[in-house]
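*Asks:* Each residue of the sequence shown is one higher than the one before, counting from 43 in our numbering.
Be careful, since some hints might not be right.
What the hints assert, rightly or not - When the alpha-carbon atoms are kept at most 27 Å apart in a straight line, the in silico DSS-like pairs for lysine-lysine are as follows:
{"hint": "1", "residue 1": "K452", "residue 2": "K431"}
{"hint": "2", "residue 1": "K431", "residue 2": "K469"}
{"hint": "3", "residue 1": "K469", "residue 2": "K593"}
{"hint": "4", "residue 1": "K452", "residue 2": "K469"}
None of these hints come from the bench; they were simulated from the model.
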Amino acid sequence: MKQEARFVLAISLMLVVLVGTNLIFAPEPSLDPVPALDSISLDGNQGAQTVPVVPQGPVSAPVLTAPQDDPAPASVAARDVVVQGPLYTYTFTTLGARVTSLRLEAFASLAADNGSVELIPEGSIGALGTELRVGDQGVNLEGVLFEVTPEDGLRLAAGGAPQELTFRYVHPSGALTYSVTYRFDPDEYLVSAEARVEGLDPTQILTGMGSGIGYNEQRAVDDSRVVGYVVNQLEDGVRAVPFRKVDERRIEEGPLLWAAVKSKYFVMALLPGVNPEDEKYLGGLLAEPIDAENQAKVAVSHSADATGVLHFRLYAGPQNFSGLKAIGDGLENVNPIGWKFMRPVIRPLVGIILKVFNWMHDTLNISYGWVLVVFGVSMRVVLYPLNQKAMRAQMKNMAVQPLLQEIQAKYKNEPEKLQKEMMVLYKEHGFNPVGGCLPMLLPWPVLVTLFFVFRNTIELRGVPFYWLPSLSGPDPIHILPIVMGGSMFLLQWISMRSMSTPNPQMKMMMWMMPIVFTFMFWNFASGLNLYYATANLATLPQQYLIARERKALQDKQAANPVKKKSAD
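Given the sequences, and given the hints that come with them, work out the whole structure.
*Replies:* So this is what it looks like as structure tokens:
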């Protein structure tokens with residue numbers, strides 16, 4: 043069962059218990075048409091080592107058939123060019139000017155020892171390959187040899203000036219020239235690019251995004267579940283599609299504010315340029331399944347201006363909410379948090395909780411594990427008055443139960459009279475069937491939010507705490523789920539001991555609910571279990587005090603039963 047489904051079931055069961063127990067006891071600009079991708083084909087010689095033939099003179103449409111006297115394979119002369127910076131290491135090949143390796147130096151791959159996160163999947167053709175389209179025909183440049191300037195690549199120093207790397211291809215006939223220049227800032231993950239086409243007037247330029255993001259988590263399933271592509275369509279908004287659902291050719295038509303491929307914590311996104319004269323949108327996205335499991339081939343289309351120049355940007359880095367938000371156009375939503383109907387509520391709560399976590403981490407100078415412990419205790423302290431009020435409302439409801447049952451038995455065949463008498467009883471004794479549970483529901487939005495915080499927040503990825511290798515991963519020896527389940531049992535046991543005549547259903551729930559929750563939370567993020575177990579343990583003293591108060595009140599009511607004030 044997926045974690046989301048288990049979590050929904052767990053929350054639903056707990057809400058049923060909370061509410062049921064109390065019932066027993068009482069959210070357009072005008073655009074030029076963007077060419078559709080229906081005619082696009084990426085089935086050209088992506089791995090081929092031939093040079094596409096372009097006719098001499100004015101070019102209207104490229105010819106794709108290679109002559110018999112092709113030169114020696116381009117791969118003989120192909121070589122790697124490295125861009126080394128403090129944040130990343132790009133490895134390009136001159137064969138197709140493609141990125142064959144993209145490492146993020148600030149993040150360790152949890153899937154392998156002593157290595158940085160690798161965004162390009164093993165065995166992939168790489169990313170940023172180019173195809174030029176004229177109508178239904180195309181010139182695929184992924185298998186041709188490019189010149190590169192500077193030849194030795196780039197070495198970027200922290201705080202230094204941005205540097206440029208240019209790839210240039212000239213067809214042997216001289217009728218086609220294509221170049222692309224990347225501008226790297228050593229202190230940013232965002233890279234700006236300028237592509238230029240001469241001798242050809244393409245209707246579209248396709249930029250390959252490879253076959254997704256490499257797996258970098260300790261459990262491959264954590265990435266394989268969510269790896270996929272995401273687009274932000276101008277009218278329809280953000281749409282995310284996991285690769286496991288790309289079982290046939292899929293087209294996401296533009297205009298697009300951005301397009302991306304992503305894993306659980308990392309993303310590679312293409313965005314339009316930022317100059318006023320640049321195209322404001324991407325044309326569309328094409329995704330095709332490939333043989334490997336949970337992989338697909340993705341390409342994005344752009345349109346060059348009248349001079350054959352195209353500007354675009356590339357973000358390849360962590361899914362850091364504040365960093366993505368600073369780029370704009372809603373890129374922070376590339377990894378949608380929560381279910382669609384809940385996002386308007388969950389997203390602001392995630393932002394608030396992360397700010398609280400970061401403030402506590404920086405101000406108190408404590409690890410994120412201790413932040414969760416302090417946060418769990420603080421939540422219970424803040425909510426103590428409301429919980430006290432809820433418990434007392436529940437006891438008041440329990441006291442009125444005999445009168446309520448008497449009225450229900452007396453007027454069981456007179457619905458209108460029964461309703462009237464029940465309303466009189468509620469008014470006289472302040473009976474509220476849900477008054478004892480509403481305040482206790484307040485912690486649940488926090489728990490739901492934390493579930494998604496630990497599933498999506500890069501700040502908590504790989505953060506250890508005592509025996510836990512990562513707060514975003516499961517407890518390897520499952521101590522926390524057992525403590526969490528045990529704390530649930532203690533809370534209910536203390537409450538049951540204060541009741542003079544607990545019903546059989548409550549006794550059953552006292553034993554079954556902790557077992558069910560322990561099973562459901564068994565492989566949840568250890569940070570979520572740490573918070574929940576801490577909050578439960580912090581509630582034990584309050585539960586004990588309330589149990590004593592309930593026992594005293596029950597003894598008093600036994601001596602002075604509540605009497606009905608209204609007359610029939």
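*Asks:* Compare the structure with each hint and give your call.
*Replies:* Hint check:
no., hint, in the structure
1, K452 x K431, "32 Å, violated"
2, K431 x K469, "18 Å, holds"
3, K469 x K593, "25 Å, holds"
4, K452 x K469, "19 Å, holds"
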